[in-house]
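Protein chains in written order, with our numbering: chain C, 1 to 563; chain R, 1 to 127.
Hints should not be assumed to be uniformly reliable.
Said to hold, decoys possible - Short, incomplete list of chain C residues facing chain R, as computed with Cβ under 8 Å: (1) A256; (2) N351; (3) A355; (4) K360; (5) W363; (6) D366; (7) L368; (8) D372; (9) G375; (10) Q391; (11) H392; (12) V393.
As the list claims (entries may be wrong) - Once the Cα atoms are required to be at most 20 Å apart in a straight line, the calculated EDC-like pairs of lysine to aspartate or glutamate come out as: (13) R:K21 / C:D424; (14) C:K360 / R:E64; (15) C:K360 / R:D45.
The set of hints was computed from the structure by calculation and includes no laboratory data.
Glycine residues also receive a C-beta, built at the ideal position from the N, C-alpha and C atoms.
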Amino acid sequence: MERNYRKLWWQHCLAIIGFSVIPLLVVNYSLYMLFDKIYTEKVEDSLRSDAENRRDAIDLFFSERVAQLYTIANTNTFAQMIDEGYLGRIFNIMHAKSDSYMDFGIIDSEGRHLAYVGPYYDMLKQVNYKNEFWFSEVRANGIYISDIFMGFRKAPHFVIAIMVREKNTSWILRATVNLKNIDDIVQKAWTGAFSDSFIVNRKNVLQTQPRFGGAFFETPALPEYMSETHKPHPYPDYSSAVATKLERVTSGGMDAFFAAVPFRNTKWILVIKENPDEILSQLVQGQHWMLLFTAAGLAIIATGAALFTNVLINRIKETDRENAANSDMLLQANKMIALSKMAAGIAHEVNNPLASIAEKAGWLKDLLAEEDIAGSANFAEFNESVDKIEQHVARARKIIHNLLGFARRMEPAKEKININNLLDETTGFLENEARYVNIRIDKKYEDSVPVITSDLSQIQQVVLNLLNNAIDAIDHDGTITVFSSYHEKTNEVEISVADTGRGIAESDLNKIFDPFFTTKEAGKGTGLGLSISYSIIEKLGGKMKVQSKVGKGTVFTILLPKH
Amino acid sequence: MDTLRVLIVDDEDDFRETVVKRLNARKIQAEGAASGIKALEVLKDKDFDVIVLDVKMPGMDGIETLRHVKKLKPETEVIMLTGHASVEFGLKGMQLGAFDYVMKPAPLNELLDTIGQAYNKKRGMIH
């Protein structure tokens with residue numbers, strides 16, 4: 001049965017690849033997941049500490065402003081402070097080293113603006129703050145830092161107000177703080193091309209101008225051009241955060257890291273937003289490398305599997321071929337045994353009637369000689385007919401003799417063989433067949449050929465095979481010469497079968513003893529005859545050689561040891 | 001000198017009868033027996049110089065018959081008639097005391113030669 005080598009190849013190859021690739025993928029995937037986790041954690045940590053550092057810087061800024069203002073308020077008297085010239089000097093001293101303050105104002109407990117230093121003098125001097133929300137806050141708490149608001153000056157600002165109690169009255173130092181300082185610190189977090197940072201108050205209203213997401217006094221939102229819905233999409237609300245919060249938001253058309261940290265001095269929250277593609281760019285790069293290595297690994301495995309499978313399949317093919325040759329030889333041997341039994345049976349059954357025919361013919365001949373029918377008109381005809389009958393009985397006898405000789409030799413044995421007789425007997429089988437196609441069989445035996453000890457039937461089979469091949473090679477009209485000789489030096493008997501046939505091409509000469517090699521049409525020859533012959537002769541300790549010339553003919557030579 | 005007496009034992013009627021006729025025509029006193037058992041019956045009443053015994057017969061085969069013949073009439077010479085496939089029976093017969101074996105189908109001359117040799121041997125032994 002012919003194996004499906006292609007299917008076997010694929011099965012084997014895929015099995016190797018499967019068993020190699022699955023662990024590779026599992027290892028690579030888990031390594032990648034581990035790397036991803038560690039790297040993401042590291043990025044988140046750095047984002048968290050960045051946010052907290054910025055928060056601390058702003059907190060420090062606030063603390064310093066409050067401390068400065070507190071010092072000023074408590075080291076100067078109400079009387080001194082409402083002198084706008086004196087206040088102006090203090091403002092100028094402070095403004096010389098820091099541009100944090102925009103203006104100062106002194107407000108009494110009734111909300112009256114008693115003194116003012118700053119750019120909005122005309123606008124603010126007459127204002128009464130009694131009904132402003134921060135006024136009541138500062139009177140209640142002693143200190144107040146406002147949210148950003150427009151106020152009377154109609155520009156975004158925030159104030160720090162400090163209440164001072166002096167004797168039985170109280171007054172308030174109000175300073176407007178420049179947004180620029182806070183903006184600076186906040187905007188320094190804009191490190192990447194898409195990173196953003198801003199401050200919101202407890203009502204989720206923007207206190208600084210973000211880079212992308214919204215405007216003052218609005219809710220922070222994804223800018224219009226980045227949103228799929230073409231509507232500003234709100235950022236997550238961190239206005240109620242009480243501790244540092246860090247998360248990755250992948251909903252609502254965005255994918256971003258958010259770090260939110262509440263301030264200690266105010267009720268504000270600093271929010272930093274980072275684009276994952278940017279801060280995780282190394283991870284993405286790692287991912288690419290990993291994919292590349294995995295692909296390379298897969299390619300190596302696939303190539304290795306294919307090469308290894310090729311070697312294996314070739315070996316299997318070779319083994320199969322050998323097995324086929326062996327089983328064919330076995331089949332051949334079994335066939336020969338069956339054939340020999342049949343031949344023996346037929347021969348014996350034919351023998352008896354043949355003996356009777358021979359005797360009857362002999363009897364007729366006896367009678368013809370005795371009686372005086374010698375003078376009869378048909379005597380010559382009778383006589384000739386009887387002779388012919390005897391002649392053909394003799395011929396049939398010879399055929400049966402050969403057949404039985406052939407059958408008897410099937411038994412494997414070490415027996416004494418007269419090679420010349422063997423050759424005679426074997427050529428006898430084919431003489432008729434050869435004669436039909438006008439092939440002459442010449443016999444050139446040396447008388448010195450000794451009796452050898454070997455397996456007669458097997459040698460006969462080989463010689464028969466060579467003779468058959470010779471007849472096939474000649475086709476018709478030609479000569480087969482059978483030689484026998486003895487090499488005294490090597491103690492070997494040589495048998496040669498030479499034909500005047502078409503010959504064998506030089507390129508085929510070294511292949512003719514290979515199993516399945518045949519030049520006959522498909523279905524005409526198994527390509528086993530010569531390979532079986534070769535192995536038989538080898539088993540008997542002999543050698544088999546071939547010489548051939550295209551157009552001239554072929555000589556097969558067998559050398560057999562004497563013992 | 002007595003005439004040569006031959007018993008042909010063969011289950012093939014045509015063969016046996018024809019051989020008997022041809023031997024008789026040659027002044028040989030020949031008889032036929034269709035089986036080993038019949039041959040032994042005939043032998044009880046008559047003596048023969050040479051018995052031609054087919055190896056392969058139904059019932060009692062040639063070898064078995066040979067054993068009985070050699071017990072009954074040890075001085076009678078036996079020629080085994082074999083097919084080619086049973087050459088070994090012929091050889092075995094010779095071990096059991098048969099004079100020779102002849103392969104079937106043999107020309108009558110060959111058989112006559114062997115019968116003659118067997119007869120000569122028997123006469124030499126007796127006289």
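If you test the structure against every hint from before, which numbers come out violated?
The structure breaks hints 1, 7, 8, 9, 10, 11, 13, 14, 15; every other hint is satisfied.
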